[in-house]
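Keeping the supplied structure of chain U fixed, place chains G and S upon it in accordance with the hints.
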Amino acid sequence: MKKTIALLTDFGTEDGYVGAMKGKILSMAPDTDIIDISHDITPFDTRQAAYCLMNCYSYFPEDTIFVIVIDPGVGSSRKGLVLQTANHYFIGPDNGVFSFIYGKEAVNAFEIDLSAIPWKVSSTFHGRDVFSPLAALLAKEIRIDKYIAPTEKHKTFIKPIMKVEKNVYRIPVVHIDHFGNVILNFQRTDQSELTKKHQFKMIFRNHKFDRICNTFSDVPRGKLLLLWDSSDYLQIAQNTGRAVEQLGITLDDEVELAV
Amino acid sequence: MKKTIALLTDFGTEDGYVGAMKGKILSMAPDTDIIDISHDITPFDTRQAAYCLMNCYSYFPEDTIFVIVIDPGVGSSRKGLVLQTANHYFIGPDNGVFSFIYGKEAVNAFEIDLSAIPWKVSSTFHGRDVFSPLAALLAKEIRIDKYIAPTEKHKTFIKPIMKVEKNVYRIPVVHIDHFGNVILNFQRTDQSELTKKHQFKMIFRNHKFDRICNTFSDVPRGKLLLLWDSSDYLQIAQNTGRAVEQLGITLDDEVELAV
Amino acid sequence: MKKTIALLTDFGTEDGYVGAMKGKILSMAPDTDIIDISHDITPFDTRQAAYCLMNCYSYFPEDTIFVIVIDPGVGSSRKGLVLQTANHYFIGPDNGVFSFIYGKEAVNAFEIDLSAIPWKVSSTFHGRDVFSPLAALLAKEIRIDKYIAPTEKHKTFIKPIMKVEKNVYRIPVVHIDHFGNVILNFQRTDQSELTKKHQFKMIFRNHKFDRICNTFSDVPRGKLLLLWDSSDYLQIAQNTGRAVEQLGITLDDEVELAV
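Which chain is which? The protein sequence lines are U, G and S, in order. Going by this note's numbering, 17 is the number at position 17 of the first sequence; the sequence numbering is gapless. In short: position in the second sequence from 1, add 259, done, that's this note's numbering. In short: position in the third sequence from 1, add 518, done, that's this note's numbering.
The following block holds chain U by itself, in its conformation from the complex (with noise of 0.2 Å):
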């Protein structure tokens, strides 16, 4: 059965540092079906690349194997993972990426031990010469367990939802999208657990919402408006706008919701 991989990086393309990682994998495991999820990843920018990967991975076949490689730390004391879900697996830099998964699948979480690894591993690339290569031999069914160990920590980065008094909450921004989404850590399940009859207000500075739209085209055009975003979080977004730019939010702010 030929086997997914699916590449996530802050790369670019125009280096071939992709490239070498799609020819490793094609050489070692030629059946392997190389997905591009996406290599524009701002570098660096391990929340994005963690939003990115949430997004999308559980819509992925049985067994894909989904390689990560936002790794800043390369070659420093930062740890290598391999993640084993029920469906998939994640190998990557122990920086966050995997934040959501560890909020949203049961994980056997495994350390990669580089010293166990017989063939040749530079210092700076272990996009190529470590995940990219345990990727293939998990694609071709060959056990990996003597390069990795088990292990219980690992970071994340996704602040929690904060009550500040009686019926106040602070909810973090975690993601800005392509189009200028503001993506708020409160998701449908928390709508349902912290408002009564999901009556609220949502306030950042002096813009104010108390109803969630079902589509961009429920206000006018150029209109701010609150909507749950295709995984299900709240998003505050801008009929054919950004709505970035028009609130003057970043990533470090919060949005006070009122219940």
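A couple of the hints might just be wrong.
What the hints assert, rightly or not - The calculated lysine-lysine pairs, modelled on BS3-like cross-linking and capped at a C-alpha distance of 27 Å, are:
| hint | chain 1 | residue 1 | chain 2 | residue 2 |
| --- | --- | --- | --- | --- |
| 1 | G | 422 | U | 196 |
| 2 | S | 638 | U | 120 |
| 3 | G | 455 | S | 638 |
| 4 | S | 520 | U | 140 |
| 5 | U | 2 | G | 399 |
| 6 | S | 715 | U | 120 |
| 7 | G | 363 | U | 140 |
| 8 | G | 261 | U | 140 |
| 9 | U | 140 | S | 622 |
| 10 | S | 714 | G | 363 |
| 11 | U | 140 | G | 422 |
| 12 | S | 673 | G | 482 |
| 13 | S | 658 | U | 3 |
| 14 | U | 120 | S | 714 |
| 15 | S | 741 | S | 684 |
| 16 | U | 201 | U | 159 |
| 17 | S | 741 | U | 79 |
| 18 | U | 155 | S | 741 |
| 19 | U | 3 | G | 399 |
| 20 | G | 261 | G | 456 |
| 21 | G | 379 | G | 422 |
| 22 | G | 456 | S | 638 |
As the list claims (entries may be wrong) - Which chain G residues face chain S? A few, computed with CB under 8 Å, are given here:
| hint | residue |
| --- | --- |
| 23 | 294 |
| 24 | 296 |
| 25 | 303 |
| 26 | 307 |
| 27 | 320 |
| 28 | 476 |
| 29 | 486 |
| 30 | 489 |
| 31 | 499 |
To be clear, the hints were calculated from the coordinates, so they are not data collected in a lab. Just so we're clear, the structure is a prediction, and the values are computed from it rather than from any experiment. Positions of the beta carbon are idealized from the N, C-alpha and C atoms, including for glycine.
Coordinates of chains G and S only, in the frame set by chain U:
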């Protein structure tokens, strides 16, 4: 026989939206060959997408299924379309992205009936929830009749050549490409019909052209020239430079043709 | 056996030119695995493309066919080339994009004879009309002898290391990558040949280096360092930053080596 599904979107790749579409397609139709045409269409630029599709679709194998998601109106009352031509299928929103297809192919057009679709459909991401699953069903040769109904009307934005007086025409700009070449809505067949012995003047402000070159280097570096583009549309180009900036021309401009 | 065709262009994807090449290849050789190396090479930047190709080609499976279309001279008298090396084929224009290949592989070079090609060839898009079809024929193991003829001369742009006086050399910059790392034309083998006991000074303006680090984090954040890149060329890098801007260096500069 393995089918090809070719994707064209304005999503960029860094949010995982394209990844979700690819995952969905591979989960439903594992033997499909997914081909990226582009995910770098300028957000909401249906004209750019239409030109991009025109420039490549005819080279793809028989039975290729094209999924086009430049969809600012998603969730509104804009129709979703499935088009069948002699060799291909096209799936996407009815907002003009198929403008060139209507002019070049005999088209059987169908409207997607969302109310007939039994699986969950979000209001913001039909690329993942409607267009990709229908493409996957077509790739597996499963009939989709119950989800679509014949339709006659659909949107096109291509402005025709306008006759303004005897022997004088206005030729709309139809696209500006990656290299700054300015493509006009003027095809080789228009040349045969409109010009006598191929004698003419093309005029934009103080720029005048009276011959069509064979290649960029027929003029000195930095000079403007007329050239048939690789889809047999006439373009104004610059030898190793960007004609669009030298001309100061936009997509809304027209060029005068005197024959 | 399924063949791989790997594509490297400066087309971007948004005009459909890459789509046309992919469609043409799949129509002629349906079982081919098309791999994107990059379509984001800076327009006309043959040096960037050459480095990108050097950085990845050797990892690809035997018999991979590389199609390189950075081709500002298309339609002029520049030659089209087919190169055969021990493991791979390379097809593209003779403008220096294969500079590194000549230095690293034994190459059988052939010139494409356009006059022998029986199908229609445009003067502006040999990527679609010449290079892709020849690649598809090679992928199907159809002989292409009648379309090519042996050739000896071909262009290269790599500037050598220059000895300027006893124990002093000038090392040309050969590439600046996506992360702002500055790659020098100085390989591990040059180090063994030129330096005694690996003692040296590298100097660019007021920046001096006298050791080669193992990884970025061997120096504090923001500091510059020397490092072997993942293809064993020496690079000037910055820990989590862009060395190119801190140095104020360009592709035309040279670094002084005192041994």
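CA of residue 520 (chain S) to CA of residue 140 (chain U), is that 27 Å or under? 17 Å, holds
The hint names residue 489 (chain G) as touching chain S; please verify it with the least Cβ-Cβ distance against 8 Å. Holds - the Cβ of residue 489 (chain G) comes within 8 Å of chain S, reaching about 4 Å at its closest.
Hint validation: residue 294 (chain G) versus chain S, beta carbon distance must be below 8 Å. Holds or violated? 5 Å, holds
Mind checking the alpha carbons of residue 455 (chain G) and residue 638 (chain S) for me, to see if they're no more than 27 Å apart? 26 Å, holds
Can you confirm whether the C-alpha distance between residue 658 (chain S) and residue 3 (chain U) stays at or below 27 Å? Holds. Residue 658 (chain S) to residue 3 (chain U) sits at ~24 Å (cutoff 27 Å).
Does the alpha-carbon distance linking residue 741 (chain S) and residue 79 (chain U) stay inside the 27 Å limit? Holds. Residue 741 (chain S) to residue 79 (chain U) sits at ~23 Å (cutoff 27 Å).
Please work out if residue 155 (chain U) and residue 741 (chain S) have their alpha carbons no farther apart than 27 Å. Judged against 27 Å, a Cα distance of about 26 Å means the pair holds.
Do the alpha carbons of residue 456 (chain G) and residue 638 (chain S) lie within 27 Å of each other, as the hint requires? Between residue 456 (chain G) and residue 638 (chain S) the Cα gap is close to 24 Å, so the pair holds against 27 Å.
Holds or violated: residue 363 (chain G) to residue 140 (chain U), with C-alpha atoms at most 27 Å apart: Distance ~45 Å between residue 363 (chain G) and residue 140 (chain U) Cα, so the pair is violated.
Given residue 499 (chain G) as an interface hint, is its Cβ closer than 8 Å to any Cβ of chain S? Holds, because the Cβ-Cβ distance from residue 499 (chain G) to chain S comes to roughly 6 Å (cut-off 8 Å).
Checking one constraint from the list: CA of residue 714 (chain S) to CA of residue 363 (chain G), max 27 Å. Satisfied? 69 Å, violated
Would the stated hint for residue 486 (chain G) survive a check requiring a Cβ distance to chain S of less than 8 Å? 6 Å, holds
In terms of the numbered hints stated before, the structure departs from hints 1, 2, 7, 9, 10, 11, 15, 20, 21, 25, listed from lowest to highest.
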